[in-house]
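*Asks:* Heads up: the sequence lines are chains A and B, in that order. Residue numbers for the first sequence follow UniProt numbering, beginning at 1 and rising by one. Residue numbers for the second sequence follow UniProt numbering, beginning at 1 and rising by one.
Errors might be hidden in some of the hints.
Treat identical chains as interchangeable: a pair holds within one or across any two.
What the hints assert, rightly or not - Calculated pairs, DSBU-like style, for lysine-lysine (alpha carbon to alpha carbon, straight line, at most 30 Å):
1) K551 - K535
2) K423 - K441
3) K99 - K369
4) K59 - K535
5) K265 - K532
6) K166 - K532
No lab work stands behind these hints, which were simulated from the structure alone. Since this is a predicted model, take the numbers as computed values, not measurements.
2 protein chains.
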Amino acid sequence: MAAQDGSVPSATTVNKITHPFDKMTFRLILTNYEGVAGLYDYGPPGSSLQANIIAEWRKHFIIEENMLELDTTVMTPSPVFETSGHVARFADWMVKDVKTGDVLRADHLVKNVLEARLAGDKKRKKKKAVKTAAVVLPDDVVAEYENILAQLDNYSGADLGELCRKHNLRNPDTDNEVGEPQLFNLMFLRPETAQGHFLNFSRLLDFNNGRVPFASAQIGRSFRNEISPRAGLLRVREFTMAEIEHFVDPEDKRHGRFKEVRDVKITLLDRHVQEAGRSTTAQMTVGEAVDNGIIANETLGYFVARIYLFLIRIGINPQRLRFRQHMANEMAHYATDCWDAEIHNSNGWTECVGCADRAAYDLTVHSTKTGQPLVVRQALKEPIVTEKEVPEWNKKALGKTFKQDAGVIQKTVESMDQAELTKLKGQLAQGKAVVTTTEGKEFEITPEVLTVERKTIKQSVREYTPNVIEPSFGLGRILYTLLEHSFWSREQDVERGVCTFTALRRSPTKVLVVPLSAREEFDPLVNEVSTKLRKAGVFSRVDDSNTSIGKRYARNDELGTPFGVTLDFASVQNRTMTLRERDTMDQRIGPIDEVIAVVTELVFGNITWEEACKRLPAYDGVQAVDS
Amino acid sequence: MAAQDGSVPSATTVNKITHPFDKMTFRLILTNYEGVAGLYDYGPPGSSLQANIIAEWRKHFIIEENMLELDTTVMTPSPVFETSGHVARFADWMVKDVKTGDVLRADHLVKNVLEARLAGDKKRKKKKAVKTAAVVLPDDVVAEYENILAQLDNYSGADLGELCRKHNLRNPDTDNEVGEPQLFNLMFLRPETAQGHFLNFSRLLDFNNGRVPFASAQIGRSFRNEISPRAGLLRVREFTMAEIEHFVDPEDKRHGRFKEVRDVKITLLDRHVQEAGRSTTAQMTVGEAVDNGIIANETLGYFVARIYLFLIRIGINPQRLRFRQHMANEMAHYATDCWDAEIHNSNGWTECVGCADRAAYDLTVHSTKTGQPLVVRQALKEPIVTEKEVPEWNKKALGKTFKQDAGVIQKTVESMDQAELTKLKGQLAQGKAVVTTTEGKEFEITPEVLTVERKTIKQSVREYTPNVIEPSFGLGRILYTLLEHSFWSREQDVERGVCTFTALRRSPTKVLVVPLSAREEFDPLVNEVSTKLRKAGVFSRVDDSNTSIGKRYARNDELGTPFGVTLDFASVQNRTMTLRERDTMDQRIGPIDEVIAVVTELVFGNITWEEACKRLPAYDGVQAVDS
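Bound conformation, chain A alone (with noise of 0.2 Å):
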């Protein structure tokens, strides 16, 4: 009854049965290139789920929130990258397999391999297994490992091929050797949307009037080099992301809708909890979580709620859900504060969503690079008075009696903070003053060359580069999970496996549509129901192949397919159909036209199964007429 009650299976049940998840809903729903790690594609359901899950999103975030959304080009020129600071991570340097073509990171490559051998040395040695003195390594290729992985970062691409060739550094995958080190700072594939929201900031800004706060979102591809791809969908060359860059003022990050998340609950693990080496969560709301400054301000809090109302409506379990805080030495130099959403799976707690403070960081880097101001220019509605101190030059007097100095006097007099200026003003007041210049030579001025006088300053625009919070989601990973926690197994046969999308919405197909067989008498039936399902927008789907109808249901309960009607020498006499509710298997019988209506209301959500069976009684099985 999950597809009814919103519950979903125990972790015990999934854990249970892995093994047929694996060997049949997951090859039903997704397929990749053979033989190429990395890459998937996803077939009709695991397409239909993603564009289901794709459709709440915008629905979620960018509707509800009123955001900007953005689609903007994978294809990246790379110095948007090195401005980002993402070359550092995204090398230059790669090398080819030799006999495959397969393009490697040399820094990763040397990693990997140079640590995997030090990996499997310090292994034996702990075993005391060693048999020849040949597995084990000597100290000082030990060393030399340990000195070569110490300063990866500072080799050069002819130094990385010398590496590969010392010490025998062939492609894991594979074993053949490489090739040399070549420069790829062509066009680069983004590793994320993110920097095409702050490319477009300005023009954003503007859209939105030149007011923050406001969130741009944007929906897209975007690629990892993985040397090594694993661990199915959640390690993944390509993958869809959907992040969202919300731009907010670094003096007030309040949230106007906070009150709207302020008591839902959430597991927490935090910071200090890890430090101190536990894993121990805490369940609070997100309103005590911000107000004991355990998530670091309210419009972060919103979204950490925000996510977790998602995860939750798509399907995904709560008592698999945690947000993990990021610890002070895992988070960037620039970042306030970061969350991760980790959902519990087959593979353990994968990160599936952050959501991260970054500070000013983005915006400022890619206007110190272009030059172009990235700041919002806001009119105070009282303009800020302040008095100050300043200098006053009589640039004739100035002029004629410094000549070539009184540029370096001026800069120096102009660079004093209010404190200096008003000792200086003192000391003009008792008739001289001698200024010093950085460079340490002084020089005497008098009030004939310089006054310093106070003034009322009024300030009616503040300009300011906005902070970003960006919850940043990966869609693939939260697509991955939420199978595993949809899928469970019938009781009496643990083999047959049945999805249960807690959310009806979130099934594929809605409807299938069994013909007792493949035989042309039904033809006009079978026409008949989908053209009606159609019309009336439920999405269906015929499955008259030739096989029993139980295993049609079977492997359609696989997928995820709530309903199912059968067409039977009865339907063609009598113009009835059954209908049948996936998690309970339950069957009812009504007129053709009554179990449309029927499932339709169902499937809009309108009526529970509860309900339908009130509209249609059981079928007892006497109804069907066999050939």
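With chain A held as given, fit chain B onto it using these hints.
*Replies:* Okay, now just chain B, sitting in the frame of chain A:
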């Protein structure tokens, strides 16, 4: 009144305002990386429009036709494109601009630069405006260039590098020199989504219970390495496509739903007209075109009609839409027939959708390469019973008589057709026969070794490679053209542009909320109206920028926002609000909740503007209370 009655601006109107169109709307809707041609980002209204078009496409094709949706990777292993035949077009040798690092295809560079030189030369010679002899190319250089162009496909990377040096071929965009050609046979970025369908054909067929016809569909990013992208969105390096691969029995290309589109009237430009050097189009129904053999078959005709209906539905002007048939010399050798949906815009007639019958080509090449059969096995209702001459060997006698030649003799006979076998049977009946191998060796055989017998063969399964009908949509071109077709300008001021999307749901924002000013006293009302519209499912946007109401309406007219509501001091005092219609600029007034109810019904298409006017009185300007 275009939004209500479905009319669209005339070509003249559009041409007249091409300049303000470029200056205003285009910039507001689309942004691109400065300095990088061929890469465009979609800003908020652009991506919202794109999302609307994609949603409509998914509904019109995938849902309505029960297609199997796919989502395959952008990165594709290179052997796929060797097999598909793309490698000839997407060659491996690339050169880098030595200064900018831009990457160009070496053969394209050679071709473009030499052709440009020849064209310039021809023009100069024709004009007879030869001032200095140096401007005109000597005849031997012209001959050399033409010779190079003729054998361009045969050059190696080294040859291409040599050509660039010898003839001083530079990057035409920057006039910089280029480096040595390098091989790029790594991962390709796909130039189309189609290969993903073919690679997954077996799984798709399986998912469809082994039956054809069925169609798969995919919406996704593709890439072309355009040397010099021009013409804005019409020729770009990265774009979103939507492709359908409809698999069909080669012996039965009828379509079950053809009768539904038989009477759709379209404008055709067939190949005979074009081959006669004319471009006179004909108006006819799709039924007539198929009946008269102008369109090759029903399935192709069905999709031509469905493409037409889709384009009209999203707002393309039917007067500026035609279907042009490929001439024999522009069609791939394997294709049976191909029609392009060409839409007229300021760049001329532009191919926006292709619709080709690609026969069995794609599946055949992949099957040949991988050795995997990509066929449909159709269980025949009536087994086909045929009588055939079949060779029957006495293997023992064959081996004993012919020893190591036994194999070749057997192979020769097994490969004979029925006529040859009948002849052989006759000879054997005379006592002996001579078998000649392909190498010309002759062997005399007797009935002791071989007899040929007439047998009855019962074939219960028919095996065939399905044909593919491929409708392929360039969504960026459609979007751009839709903008041109939707744009017009106010009679009273040609600089005041308006975008009228004929289908209301195509508008990125449905309702603009305009407070008289950004004063705090309007904030509660602005929030109330925004929240109520959001809850009603109406996408709205607030424009409280510091400019006149008229200017704010004008710039949102450009973005196609159909309705606007204004909140002023009267709203604060009396809870009234005005409602404005974009095309007529008509304004009505009413209580806030009633205006929200009316505009919601307008947005969902339940009532027309005329009906809305009956529910809300005209606004006479009196109600406004300015501060």
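*Asks:* A separate judgement is required for each hint: does it hold in the structure or not?
*Replies:* Now the hints, each set against the structure:
1. In the homo-oligomer, the alpha carbons of K551 and K535 lie at most 30 Å apart inside one protomer (28 Å), although the nearest pairing across protomers, at 44 Å, exceeds that limit.
2. Only within a single protomer do K423 and K441 lie at most 30 Å apart by alpha-carbon distance; the minimum there is 19 Å, versus 116 Å between protomers.
3. For a Cα distance limit of 30 Å, the shortest separation of K99 from K369 across copies, 19 Å, qualifies, whereas the shortest one inside one copy, 41 Å, does not.
4. Proximity of K59 and K535 under a CA criterion of 30 Å is satisfied in both settings, with 24 Å inside one chain copy and 12 Å between copies.
5. Taking CA atoms no more than 30 Å apart as the test, K265 paired with K532 passes between copies only; the shortest distance there is 27 Å, against 43 Å inside one copy.
6. Taking CA atoms no more than 30 Å apart as the test, K166 paired with K532 passes in neither setting, with 71 Å inside one copy and 70 Å between copies.
Violated hint for the displayed structure: number 6, the only one.
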